[in-house]
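J.: Please assemble the complex out of the two chains, which come individually in their own frames, going by the hints.
Sequences listed follow chains A and B, in order.
Using our numbering, count along the first sequence one by one with no gaps and you end on 74.
Using our numbering, count along the second sequence one by one with no gaps and you end on 248.
Don't take every hint at face value.
Residues of chain A placed beyond 12 Å of chain B at every Cβ, according to the derived structure [to be verified]:
| id | residue |
| --- | --- |
| 1 | MET1 |
| 2 | LYS2 |
| 3 | THR3 |
| 4 | ILE4 |
| 5 | TRP5 |
| 6 | ARG6 |
| 7 | ILE8 |
| 8 | LYS9 |
No more than 25 Å apart at the CA atoms, straight line, and that leaves these computed lysine to any residue pairs for SDA-like [to be verified]:
| id | chain 1 | residue 1 | chain 2 | residue 2 |
| --- | --- | --- | --- | --- |
| 9 | B | LYS34 | A | PHE18 |
| 10 | B | LYS34 | B | LYS168 |
| 11 | A | LYS9 | B | VAL38 |
| 12 | B | LYS34 | A | GLY7 |
| 13 | B | LYS34 | A | ILE19 |
Bear in mind the hints are in silico, worked out from the structure with no lab data behind them.
Quick reminder that beta carbons are idealized off the backbone N, C-alpha and C, glycines included.
Single-letter residue listing:
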Amino acid sequence: MKTIWRGIKAFGSFWAVFIFGDDWTVALAVGCALLGTWGLLAVGAPAWWLLPAVVLGITTLSLYRSQHDAPPRG
Amino acid sequence: MNWVVASSAFLAAAIEVIEMVTIVVAVGGSRSWKWSLVGAAGGLVVLTALVALLGTALKHVALDPLRLVIGALLLVFGLQWLRKGVSQVAREGWPSGLGDQSVDDTPAGDGVDWTSVVLSFKGVSLEGLEVSVIVVAFGSAGGGLGSAIVGAVAAVLVVGALGAAAHKVVERIPRRALQLFVGALLSTFGTFWANEGLGVSWPGGDWSMLGVLAVYVLSALTLVTMVRAWQRHPERSGARAFATDGAR
Numbered sequence: 001m002k003t004i005w006r007g008i009k010a011f012g013s014f015w016a017v018f019i020f021g022d023d024w025t026v027a028l029a030v031g032c033a034l035l036g037t038w039g040l041l042a043v044g045a046p047a048w049w050l051l052p053a054v055v056l057g058i059t060t061l062s063l064y065r066s067q068h069d070a071p072p073r074g
Numbered sequence: 001m002n003w004v005v006a007s008s009a010f011l012a013a014a015i016e017v018i019e020m021v022t023i024v025v026a027v028g029g030s031r032s033w034k035w036s037l038v039g040a041a042g043g044l045v046v047l048t049a050l051v052a053l054l055g056t057a058l059k060h061v062a063l064d065p066l067r068l069v070i071g072a073l074l075l076v077f078g079l080q081w082l083r084k085g086v087s088q089v090a091r092e093g094w095p096s097g098l099g100d101q102s103v104d105d106t107p108a109g110d111g112v113d114w115t116s117v118v119l120s121f122k123g124v125s126l127e128g129l130e131v132s133v134i135v136v137a138f139g140s141a142g143g144g145l146g147s148a149i150v151g152a153v154a155a156v157l158v159v160g161a162l163g164a165a166a167h168k169v170v171e172r173i174p175r176r177a178l179q180l181f182v183g184a185l186l187s188t189f190g191t192f193w194a195n196e197g198l199g200v201s202w203p204g205g206d207w208s209m210l211g212v213l214a215v216y217v218l219s220a221l222t223l224v225t226m227v228r229a230w231q232r233h234p235e236r237s238g239a240r241a242f243a244t245d246g247a248r
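Bound conformation, chain B alone (with noise of 0.2 Å):
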């Protein structure tokens, strides 16, 4: 066992693991619990085929083409819940949606909730594919695959518990505040990715991610308070007093 290969794989991919558990807690809890673990495992399935089919030639599958779709994909849909969770906050307050299952006006019943399977399988099997790609390349480096996949495996298991402790503290969160702050998140995940995608340098690399997260959130709430007065005072900026979302 080389312990060096192993702690370094494991921190590397628990950043990996960080993104791909928060999309997966983050989808689960505002919307279904089922569908998203269900994603979630279609994407380690398929991961786990490509991982079977293409061994240590992982390393030269070309990841940006994927970041850039996926990124691009999670962008716009994070923006929907974004700009959802900004309106029904401003007109309901913060507590709202307190007691409900889901984020969404419709329920999805007894059918299958297609956008968690989606959200949850793109973040679990993107993510999946470049820890993947760190064990090859920690392995093939430092001399020690085995040591390296072990590393990786710790690091799924390790944030996996948090992320599965993390449910009951997301479920205690008003559905509309969840709204905007999952809206937030994904739209943060899909610009930091799409950009990625394109081989655009983050100035400060992975820790951007965090400034993008802080000014997303601080923009949606700055957009609380301006909807806020677009409703109150509708003759001073030509808006309705109410706004009409309409319901998906």
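Next up, chain A with everything else stripped away, as it sits in the complex (with noise of 0.2 Å):
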């Protein structure tokens, strides 16, 4: 039993890793940002641009946090 659960957890934290890493911000930007384009396709508009334009944005405000405080942890 204890074994399985020791797996179940190493398997959630590798996953929470990978994707949160060390800014979960950022996955919450991508999360939004895709919600924002099914939005945009939705009502028709064009929407191929939303989630580059988002990616660069948290990215370059990821960066800036880094040097200015500690990254928020998840």
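T.: Structure (structure tokens):
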């Protein structure tokens, strides 16, 4: 039972680090951008630009925060 | 042998195989060749099983949800490497990490490098699935499934050989610079696939991927300059003089 639980924790930990890394706000921003893209598509508006724009914005912000203070921890 | 079907399948499949091989080579060069190839082999095994099970019914497989999920995962991970690469290059310079075996500060050691396995597995299985759909589509439309298979296999062999030859070039690139460029590459694939999965139409079709890659790489180079400025003039930006990246 302990081995199974350890395995589950290791699996969860791997995916948490894989997705959130050292700045969970980046993953959150990507998720919001995908939702926004879906919304734009639903109203028939051009949507290809939103995700790259959010990627550039959040990357710049994350790098600025990493220099200014400790990045937020998840 | 239907040469028209074979050559069409070769060209169409080559585009997908280039994406597949690029991920395997990029991950192998920056982390672990062994575990990247293990992940790729795992992807091929799963793909073979799917093809054997579904056969021509593959053309009905919904690829969009797969593209969305795999694209989103690739994007968030690629951005981690991109940010780390920018920070490290800004702090230590472009030649930093020359001679290092891996981009990460924590070596994989004797254990399994699951990150390499997962990245390669995802790239190979998704792109391999798309190649399979191409084969079925061309084979069904042109009446030559065997010819389509020959074309697709030829694409895998040719592009795979080029990828294998590229690993020597990749190994000569300083690790921190490699992390930055591979991060940009993975982020590009992730952005493109996630948007495709949602049904987004890119202006310029598949060629837009090159445009996205160019924008990400140019932005990364610009960010290196900006981060260096923040590090050199903390009193102006409110930033600390030295970045401390969390080691993984």
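J.: Hint by hint, note whether the structure agrees.
T.: Results for each hint:
1. MET1: Label holds. Min Cβ-Cβ 23 Å, cutoff 12 Å.
2. LYS2: holds, 20 Å
3. THR3: holds, 17 Å
4. ILE4: At roughly 18 Å from the nearest Cβ of chain B, ILE4 (chain A) sits farther out than 12 Å, so the non-interface label holds.
5. TRP5: For TRP5 (chain A), whose nearest Cβ neighbour in chain B is about 19 Å away, the distance exceeds 12 Å, so it holds.
6. ARG6: holds, 14 Å
7. ILE8: Nearest chain B Cβ is 15 Å from ILE8 (chain A), so the label holds.
8. LYS9: holds, 14 Å
9. B:LYS34 - A:PHE18: Between LYS34 (chain B) and PHE18 (chain A) the Cα gap is close to 20 Å, so the pair holds against 25 Å.
10. B:LYS34 - B:LYS168: holds, 15 Å
11. A:LYS9 - B:VAL38: Answer holds: LYS9 (chain A) to VAL38 (chain B) is near 23 Å, not above 25 Å.
12. B:LYS34 - A:GLY7: Roughly 23 Å between the alpha carbons, so the hint for LYS34 (chain B) and GLY7 (chain A) holds.
13. B:LYS34 - A:ILE19: Holds: LYS34 (chain B) and ILE19 (chain A) sit about 23 Å apart, inside 25 Å.
Every hint from the earlier list agrees with this structure, and none is contradicted.
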